[in-house]
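Peer 1: Just need the whole structure built from these sequences, with the hints factored in.
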Amino acid sequence: MIEDLARNLVELKNEFAKSYEGKSQIQEIIPKSNSELFPIIDPHLESLHQFATKNPIYYNFFEKRIGSVDCIVYEGDINRFWLNSIQHTSSKAPFSPTWIMSGYIATLFAKELGYSEVVDIGSGDGRIAFCARILNMESCSIEIDETLVELQKLLSDKTDFHPYCSDAAELDYGSFDFKRPIFFIGGLAQMGGTALAEVALRKINSISHLKNNSGWVFAGTYSQKYAPDPKNKAGWGTFIEKNNLKAIRTVSLPTAWTFHEPEPTPYIFSQPI
Amino acid sequence: MITSEDILQMFHSETLKLQNLIDIANAKEDMSIHEIIETYYQVMNVSSIGTMLKQQTEYEVVLTDIKKTEKMISEKFDSDIHPRILTGLSTSIQKMTKTLQSENVAEKSKEQIESNAKLFEDLRQKMSTREFVQQYAIGIAHD
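Residue numbers (this note's numbering), protein chains in the order written: chain D, 15 to 287; chain X, 11 to 153.
It is worth saying that the hints were derived from the structure and are not from the lab. Some hints here could point you the wrong way.
Unchecked claim - Some but not every residue of chain X turned toward chain D, in silico, with C-beta under 8 Å: (1) Thr-107; (2) Leu-110; (3) Gln-111; (4) Lys-120; (5) Ile-123; (6) Glu-124; (7) Ala-127; (8) Phe-130.
It should be emphasised that the depicted structure is a prediction, and the values quoted were computed from it without experimental measurement. Glycine residues also receive a C-beta, built at the ideal position from the N, C-alpha and C atoms.
Peer 2: Dropping the structure here:
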């Protein structure tokens, strides 16, 4: 069922990208209501729309029928966050969000795999952690850029997904009461993602009850812009092998940075061997 | 098969093109991104042909031509135009960043936000051009 949801979203995005004539820097869609293709319960859909309407990165929205699905199109601009994020020497990847619907589907997978907490490292506006909260999972959103953390605080007043303004390399992961967490790593392997993942993995591996109990989600790419990884896995193969992880599932979902590309973003779900 | 004579002809014609680009760069205060990229590629192009030619010729007159061109690149481009371009890009990036940081997004209309996005795009282009130019500087330092 979740696989179908992911596939339907990718098809809907492709349909939307063909017909989109706007000029916004980023854009995304959320189905207006529950349907056969998107059997999402109303309170969840409502929360996803709320996240978008309250989020100042979106400055315009309108209704549009895409294929057979009535959707709301959200148009946004993240330039000023980009400008701020490039001032950080430790921030390797500038802010570019996944789609809200993609965050929702990815956290559905995380929940189905049995994880109880979602920790999003390099979390941007906190959408993945927000989605985890609406699925009643505990969540924690770590971001180094204070402007983005301010934005997260603004968005977390009703659904608290615990934003932390911190450098992931400096954070004391032992101070959280994680039981069975899954860590989402913000950033492609080729855009500083491996450095971020390495530091988080090292810290988690030093906490005995989490070492073999944690999951990892990596955002990959098959774009020819980047040199391929010899072990594949959308750029993460070498990292996964070197760190004794195994990829257990890959789910492809739309993101802001792949809107104009034919291939969506593969999210590699991994766990210790 | 390309003969040494072909390479020599190519070297002369490409050197002429480079000379023109250097003249343009000298005459202009503010070069466009396209002109900057074109000039650097031409410098690299002529340098590579010169290196290739040096390995294939023993004629003093050809070696003198190559030296003349190398001198032009070193004195006019590496020591003068290149640092000017780098400084110009850095100053312009600094100014654009300051201006964009001071803008109040909350009061902007959809149209203003979308037209402002063009300025951000220009800034990104300048930043990647600066990276490209800095790479050239690293190359010079290792020569």
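Peer 1: Which numbered hints does this structure break?
Peer 2: As far as the earlier hints go, not one is violated by this structure.
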